[in-house]
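Undergrad: Chain residues, written in single-letter form:
Protein chains: 6
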Amino acid sequence: MPVVRVTLIEGYPAETRRLLGERLTAAVRGTMAAPLEGITVAIEEVRPDNYMRGGTSRVPGAPSPDPQALVRGFLEAMEARDLDRASEYLAEGFVMTFPGGVSFSRPEELAAWAKGRYRFVRKTYEGFDTALGVEGATVFCFGTLSGEWPDGTAFSGVRFIDRFEVEAGKLTRQMVWNDLAETLHG
Amino acid sequence: MPVVRVTLIEGYPAETRRLLGERLTAAVRGTMAAPLEGITVAIEEVRPDNYMRGGTSRVPGAPSPDPQALVRGFLEAMEARDLDRASEYLAEGFVMTFPGGVSFSRPEELAAWAKGRYRFVRKTYEGFDTALGVEGATVFCFGTLSGEWPDGTAFSGVRFIDRFEVEAGKLTRQMVWNDLAETLHG
Amino acid sequence: MPVVRVTLIEGYPAETRRLLGERLTAAVRGTMAAPLEGITVAIEEVRPDNYMRGGTSRVPGAPSPDPQALVRGFLEAMEARDLDRASEYLAEGFVMTFPGGVSFSRPEELAAWAKGRYRFVRKTYEGFDTALGVEGATVFCFGTLSGEWPDGTAFSGVRFIDRFEVEAGKLTRQMVWNDLAETLHG
Amino acid sequence: MPVVRVTLIEGYPAETRRLLGERLTAAVRGTMAAPLEGITVAIEEVRPDNYMRGGTSRVPGAPSPDPQALVRGFLEAMEARDLDRASEYLAEGFVMTFPGGVSFSRPEELAAWAKGRYRFVRKTYEGFDTALGVEGATVFCFGTLSGEWPDGTAFSGVRFIDRFEVEAGKLTRQMVWNDLAETLHG
Amino acid sequence: MPVVRVTLIEGYPAETRRLLGERLTAAVRGTMAAPLEGITVAIEEVRPDNYMRGGTSRVPGAPSPDPQALVRGFLEAMEARDLDRASEYLAEGFVMTFPGGVSFSRPEELAAWAKGRYRFVRKTYEGFDTALGVEGATVFCFGTLSGEWPDGTAFSGVRFIDRFEVEAGKLTRQMVWNDLAETLHG
Amino acid sequence: MPVVRVTLIEGYPAETRRLLGERLTAAVRGTMAAPLEGITVAIEEVRPDNYMRGGTSRVPGAPSPDPQALVRGFLEAMEARDLDRASEYLAEGFVMTFPGGVSFSRPEELAAWAKGRYRFVRKTYEGFDTALGVEGATVFCFGTLSGEWPDGTAFSGVRFIDRFEVEAGKLTRQMVWNDLAETLHG
Chain X
1 MPVVRVTLIE GYPAETRRLL GERLTAAVRG TMAAPLEGIT VAIEEVRPDN
51 YMRGGTSRVP GAPSPDPQAL VRGFLEAMEA RDLDRASEYL AEGFVMTFPG
101 GVSFSRPEEL AAWAKGRYRF VRKTYEGFDT ALGVEGATVF CFGTLSGEWP
151 DGTAFSGVRF IDRFEVEAGK LTRQMVWNDL AETLHG
Chain Y
187 MPVVRVTLIE GYPAETRRLL GERLTAAVRG TMAAPLEGIT VAIEEVRPDN
237 YMRGGTSRVP GAPSPDPQAL VRGFLEAMEA RDLDRASEYL AEGFVMTFPG
287 GVSFSRPEEL AAWAKGRYRF VRKTYEGFDT ALGVEGATVF CFGTLSGEWP
337 DGTAFSGVRF IDRFEVEAGK LTRQMVWNDL AETLHG
Chain F
373 MPVVRVTLIE GYPAETRRLL GERLTAAVRG TMAAPLEGIT VAIEEVRPDN
423 YMRGGTSRVP GAPSPDPQAL VRGFLEAMEA RDLDRASEYL AEGFVMTFPG
473 GVSFSRPEEL AAWAKGRYRF VRKTYEGFDT ALGVEGATVF CFGTLSGEWP
523 DGTAFSGVRF IDRFEVEAGK LTRQMVWNDL AETLHG
Chain Z
559 MPVVRVTLIE GYPAETRRLL GERLTAAVRG TMAAPLEGIT VAIEEVRPDN
609 YMRGGTSRVP GAPSPDPQAL VRGFLEAMEA RDLDRASEYL AEGFVMTFPG
659 GVSFSRPEEL AAWAKGRYRF VRKTYEGFDT ALGVEGATVF CFGTLSGEWP
709 DGTAFSGVRF IDRFEVEAGK LTRQMVWNDL AETLHG
Chain G
745 MPVVRVTLIE GYPAETRRLL GERLTAAVRG TMAAPLEGIT VAIEEVRPDN
795 YMRGGTSRVP GAPSPDPQAL VRGFLEAMEA RDLDRASEYL AEGFVMTFPG
845 GVSFSRPEEL AAWAKGRYRF VRKTYEGFDT ALGVEGATVF CFGTLSGEWP
895 DGTAFSGVRF IDRFEVEAGK LTRQMVWNDL AETLHG
Chain D
931 MPVVRVTLIE GYPAETRRLL GERLTAAVRG TMAAPLEGIT VAIEEVRPDN
981 YMRGGTSRVP GAPSPDPQAL VRGFLEAMEA RDLDRASEYL AEGFVMTFPG
1031 GVSFSRPEEL AAWAKGRYRF VRKTYEGFDT ALGVEGATVF CFGTLSGEWP
1081 DGTAFSGVRF IDRFEVEAGK LTRQMVWNDL AETLHG
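Protein chains in written order, with our numbering: chain X, 1 to 186; chain Y, 187 to 372; chain F, 373 to 558; chain Z, 559 to 744; chain G, 745 to 930; chain D, 931 to 1116.
No lab work stands behind these hints, which were simulated from the structure alone.
You can take every hint at face value.
Ranges between beta-carbon positions, derived for each pair:
no.: 1; chain 1: F; residue 1: Arg419; chain 2: Z; residue 2: Arg664; range: 53 to 61 angstroms
no.: 2; chain 1: Y; residue 1: Trp299; chain 2: D; residue 2: Gly984; range: 41 to 49 angstroms
no.: 3; chain 1: F; residue 1: Arg419; chain 2: Y; residue 2: Ala255; range: 33 to 41 angstroms
no.: 4; chain 1: X; residue 1: Tyr118; chain 2: Y; residue 2: Ala297; range: 28 to 36 angstroms
Here chain D is said to cover these stretches of chain Y; the calculated rule only asks that three of the stretch's residues, wherever they fall, bring their Cβ under 8 angstroms from a Cβ of chain D:
no.: 5; stretch: 191-204
no.: 6; stretch: 224-237
Computed list of lysine to aspartate or glutamate pairs in DMTMM-like fashion (alpha-carbon distance at most 25 angstroms, straight line):
no.: 7; chain 1: X; residue 1: Lys170; chain 2: Y; residue 2: Glu312
no.: 8; chain 1: Y; residue 1: Lys356; chain 2: X; residue 2: Glu37
no.: 9; chain 1: Z; residue 1: Lys728; chain 2: F; residue 2: Glu498
no.: 10; chain 1: X; residue 1: Lys170; chain 2: Y; residue 2: Glu208
no.: 11; chain 1: D; residue 1: Lys1045; chain 2: D; residue 2: Glu1078
no.: 12; chain 1: G; residue 1: Lys914; chain 2: D; residue 2: Glu1056
no.: 13; chain 1: F; residue 1: Lys542; chain 2: Z; residue 2: Glu580
no.: 14; chain 1: Y; residue 1: Lys356; chain 2: X; residue 2: Glu126
no.: 15; chain 1: F; residue 1: Lys542; chain 2: Z; residue 2: Glu595
no.: 16; chain 1: Z; residue 1: Lys728; chain 2: F; residue 2: Glu409
no.: 17; chain 1: F; residue 1: Lys542; chain 2: F; residue 2: Glu448
no.: 18; chain 1: X; residue 1: Lys170; chain 2: Y; residue 2: Glu223
no.: 19; chain 1: Z; residue 1: Lys728; chain 2: F; residue 2: Glu394
no.: 20; chain 1: F; residue 1: Lys542; chain 2: Z; residue 2: Glu684
no.: 21; chain 1: G; residue 1: Lys914; chain 2: D; residue 2: Glu967
Ideal Cβ placement from N, Cα and C applies to all residues, glycine included.
Chain X with its partners taken away, still in its complex shape:
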């Protein structure tokens, strides 16, 4: 039954406001046993010249780049082997860890290492999840891998999950688990 009202400076795109409404609803829903239909969210927009902080009018801030969209962008660049574009998504100090605990800090290192493991790999996504935190977000994607082993044999349906930490619009960490070893030896 809770009612959530947000005072916002006018000017955010509809998609940003829709996402905000959904996420505020989810925040209530995950915390108290209110029936979904009983959660009301109203966004009250005020014109920039009707909003002051510290005695000064404000314009709306930029919509935050959606954490999930960042992760999708990075994954697409990696799959297209556009390593320069992929690198733009990464924060200083980014680390990616793969099965067996192998770690890299740059897409180029991963590409070099992968060469000995498979000719190519493609991801089919079953789902994405985004965990929002006060300091940043964590994004997960899972599904199956398909591709070719170094000897040209095809594989598919290999389970995987990726976990990404996102802060201030950049990826700071990627963790990867999959069933490649299981498939190879299982």
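Once you've looked at the hints, dock chains Y, F, Z, G and D against the given chain X.
TA: Okay, now just chains Y, F, Z, G and D, sitting in the frame of chain X:
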């Protein structure tokens, strides 16, 4: 700079209200590029007799069982091999999927299958993540496994991640990835 | 001195919002001894895409057909002897009760019974009152009747009052009192 | 789906706040086709020292004497033939009108006139309705009369309705309709 | 950290709303040790037909003539020796008091008296201050005087301050202090 | 007719809230021609654990030392010739300016200079005014001086006004005007 106000019936425990405040803050934070210090959340409690829906006074609903707490409870019961208690956390239709795509619907099935794989296994958690959705929540935990192989050899530091779907206070799905195969054959 | 604020989805006609403002004012006025000038009502409209219930955007509901307008419509149809149109205003189970406790459930029955009582009758309204309840509304109209007795003699100025119960846009009950017997025999 | 919030000075009795909540709900319900369960009313009480009008703190006004309670009080005094107490409910200029259009301005006049009509009369109430207006309220009560004719014969089940206008805590007008003539001559 | 929200009828000019926002910010700032950046003011405008007081729609009131603007207008008229225009700024009962405690109630009296003191005088303003009160405002201006003594000698840089009481759009009192005597004899 | 609502963390003293209410009223009053009785201010207090900024609960800030109280404190210390205590009210860079444009930065300098001008002086206050600004406040006091000239002759009723600039709880500037020269030579 957004201001979020929530009208709530008086009576929710402090911890529930603290979680709610944090999650509403995270919902804003993940959607617009507002500086963290600029996000204000105020919970306005009204006495039950000052709150009416449909012309009838209401009492506060139960705090929702925290999705992460449910997952921790289930994992503890499983580690303690208390399969009855573990089963209480599971919804009708629950499915758990393990590396290689092996699936079970009851803890007993998992226990039987695991016997041939390791003597015992213990989880050390590096972190938990909760992704709140309008319909339910997804909880992730990751870290390392340690235990003994069937022949008594010890293993440790084996990477794992679990993904749980939670709906209406019950677990509906568990997905598991780990490096056991990698460790065994890698 | 009370301040009433209503959060409403944008799109209700001005007349609906005017009626709402007046009725909220009357609700306060009838309950606490606030001076009329001290009761403030502000309707805060939010755009449909800024309003969510259960995580889903909503459009404004239809303005409710005004209970008094329904009653007037029924009375006009009856006076015009348009019994089909009159019947459309009536809910399943409608009952009308007349002086002496005579009851009918269909306009046709009333018309047949009235034939022996007067050639025709016309209502002059002094006033209408609407009592709003949580479950439905009660509408009253009162004034005087004029017409002709079966023998052609005219009568006028005969006091009457009707009481109508209205629920979900239909009339469920009509009760009639008047001075016809008083006039005839008084 | 509308949300109604009322800012009120702390201190009104629970019954007054309950009535207010119900009437605000009814005001919305009677004006727009919102499902009853979708109408939320929250009364936000502020301490007297947190409320200022014109720069001056205020104490809560008196709860308004409920119009229906006033009418019941008057009717009880009349039935008990306590004409002095009954008179205290009446505003300057009060007029009561009875079947046949007979009018009185004081309870004593009614009592004198009634003597020739019946030995005594008692009301059994089927219901009360209150129509709230910005300027005042109208209260209706209806049911059946029982009593004795001047010759000692008993009567009962005689339909009646009373309409009262209430303003500023006093009754300003009473209008009465009943089936006594119908019963006598019908 | 306080959040101030004002419900206002739509239609006030931007400058009036800007001033209002600034003054509300200053009111908070002068009363509690909140960091300036932590004070949020949001003006929530409602359309005139969404605002009712006493059950009647309202149009926005006139913006109040700014007290400081009134004082500036009066001072300009005085400096231009347009005594008629200057008089229009003055309330019934206006009194002006000068160094030595000399008092006048009309600009003409001041002009006559000043003739023996200097040929002319001009004000250079260093600043204006406005103290807002519930009943009215007090406006101060200070800076330096320049002009000519009766003998034609020039003077300049003579410190002065004026204090004006403003009520209901008119000046009710002026008090003047300056260093003319100090300059003459110092 | 404007309604001002302030969301405040619970815990500010009643006097601070009273001052806040009065000053918000004055801010509205000085900006728009609303009748004083039509300005409503409601302070909505939320418990510290119901208030979060940046995802962290907050306690109420200190009430700001009232600018006028600071000025009174300084003036009392000066009159009591307690120069140490007086100095505590002063900000780094404080400057005081007296008739004739004489300036000092420390109370001791003023005391030394004053010795040649009067044996002692005492202030009788007619009034205090406080002009609140976004960056700081300006406080004025005016009234009359009495005391003794160096030769022991008494004086009294000498008009004066002081203007103080206050920022962050300290006095940054004092400006003094009075009729002492006028009195001496007038």
